[in-house]
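Engineer: Residues per chain, in single letters:
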Amino acid sequence: MSAEAEIAKLVMLEARLLDEFRLDEWLELFSADATYWLPIDETADPTFTSSIIHETRDILAMRVEQLMRENRHAQSPRSEIVRCVTNLDIDLDGADAATARYNLIAIETRSGDWRQPGLGEKHFYVGRSRFDFRRHAEGWRITAKQVVLLDRRQPIEALSFIL
Amino acid sequence: MDLEAPPPTWTADRFGPFVTEDATEFKVATGAYHRADVFQAELKKIFYSTWIYLGHESEIAAPGDYKATWIGQQSVILVRDADGVARAFLNICRHRGAGLCREEQGNTKLFVCPYHGWSYGLDGRLAAIVDRSRFPDDFPTEEKGLIPVARVESYGGLIFGSLNAAVESLDSYLGEAKPHIDLWLGRCAGGRYRVAAPHRYAYRANWKLQAENVYDGYHAHFVHRSAYNTFQKFDNAFTGRQYTAIRSIGQTRGFPKGHGVLQAGSPLENKFVSAEIRQQYRDELERLNGKARTDEILENRHMLIFPSVVIMDNNIRVIQPRAVNHTEVYSYPMIIEGAHDDINSSRLHDVQTRVGPAGIIGVDDLEVFHGAQTAMSGPGVESITLSRGLHLEEQTPSGERIGAFTDETPQRAFWRRWQADMGGAQS
Ligand code: FES
Ligand SMILES: [Fe+2]
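Line by line, the protein sequences are chains A and B. Per our numbering: the first sequence = residues 195 to 357. Per our numbering: the second sequence = residues 18 to 444.
Don't read these hints as lab results, they were simulated from the structure. Just so it is clear, the structure is predicted and the values come from calculations on it, not from any experiment. Treat the hints with caution; some may be incorrect.
Simulated restraints, written as ranges between beta carbons of each label pair [claimed, not checked]:
#, chain 1, residue 1, chain 2, residue 2, range
1, B, LYS161, A, GLU274, 51 to 59 Å
2, A, PHE318, B, ARG209, 33 to 41 Å
3, A, GLU315, B, ASN124, 34 to 42 Å
4, A, ARG329, B, ASP252, 43 to 51 Å
5, A, ASN297, B, PRO165, 52 to 60 Å
Note that CB positions come from ideal geometry on N, CA and C, so glycine has one too.
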């Protein structure tokens, strides 16, 4: 498989693992030094500027733990989510680095008694995504994931899963 | 039976007064959370009658800096004028009512109306009318300035406004909350706070559910146990605290003005600042304040200034009612100018990851609010109870009440004030 095809497959796999709530496997796609960023201002330094999420892999591991094994209230019952990945554009940087850009449309619906507010609403998350990849001995790993949401400056309702 | 029919008066509808209290119980009628007529009355009797937080001085640091914000459902512009005075105006053009300011923040010399181009100075005066000649010569231009928010006053960099010209002074309004604000200001170690951009989140339930929640020491280990169990598994990375189901140290306070405080009896810490940097910061605080006061300054403390602004260790939260069952919250991380970068980065990331729009902790509260709003809006449940610690809390001569960390003391202070404001005039 060409490097480009490998990256394209990884992008799709990342979305599918999240859709299927296989979060432990999802976390394995990330390098130990990876960052995950949902900016409010994508031009600013997230160290001192508010983001929706700006986390290292250590904190992502906590999110995964809370969702997978600690029965988080805001995900009990769980959401069902479909992620559509479109406009995929891959740039290779030498043999061992790559960037993938795509548009993301994620639609969330809750399960449970959907007549109740909070369980009944659908949420749409639309954004421009970017992954940075690096080739490790075990294969490609994500070193950075960024999703610039269309509604990043507007109030967000209960983002309790990993986008 | 028409449950939505407006009551004949605020204090004598079919539920009786909304807040009732005796030696055995403190009750709030569920209608206070879900009735549209109650919400309209709250706007008038609370949001348009008392002091509402508008912003922090650092948001309008330079002349011409402005921010758009809200008092209840009225859009308001907060601006620093050319002389450095903080002013606030209703965000409406005096010609035919167009909205003037359409950005959340910025810097300008004039506010120019998008409709017919009337322009206003930073002091609110009408600066120019396009083609003035077609208006009568003695058209009262000087009366057509922006409508000021009747009172604008600040304390410790916190700017409040009131639409009620006769409201008591902000100083007297803050009352017993002031020493707690002073402690929070003390964290700056001689420096100043600067706000970061707000985290913004919303939920589909009443604004008072968030207000009651911010100093609720009873709920944390239940709603948030998934987060706390996770923290423990990860070497207590957040908050540096051992959790027990019922915390035995710390206090709650409720003040006659309606404000309330939750104090944990220990600092809120995390593992993202090294022991050395933490000690340097502490040393500086001790040099300025002595040891005992430094302990007080660093104590984990949440304070709600009635009705809708919350001062927490690392952030200011503004609760914005949009409708009886729709609330927005803007949470502004507070950067300390001059503090070590790691301290500021940690303050920001702490509030972001714990209680931001995708917070590991905060989002679980919103889920509870949704459930409560749903359930309370239906028939058959007339009241909820806020009675924890009612018979045990201590009362000082000034009327301040002090309870245990897990008592509902601050919530009762909120509701007593709420009932007094709502019952003050019958419509
Ligand atoms: S409404 Fe503003 S200039 Fe006409
Ligand atoms: Fe909470």
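Engineer: Out of the numbered hints, which ones does the structure contradict?
Structural biologist: Going through the list in order, the structure violates hints 4, 5 and respects the others.
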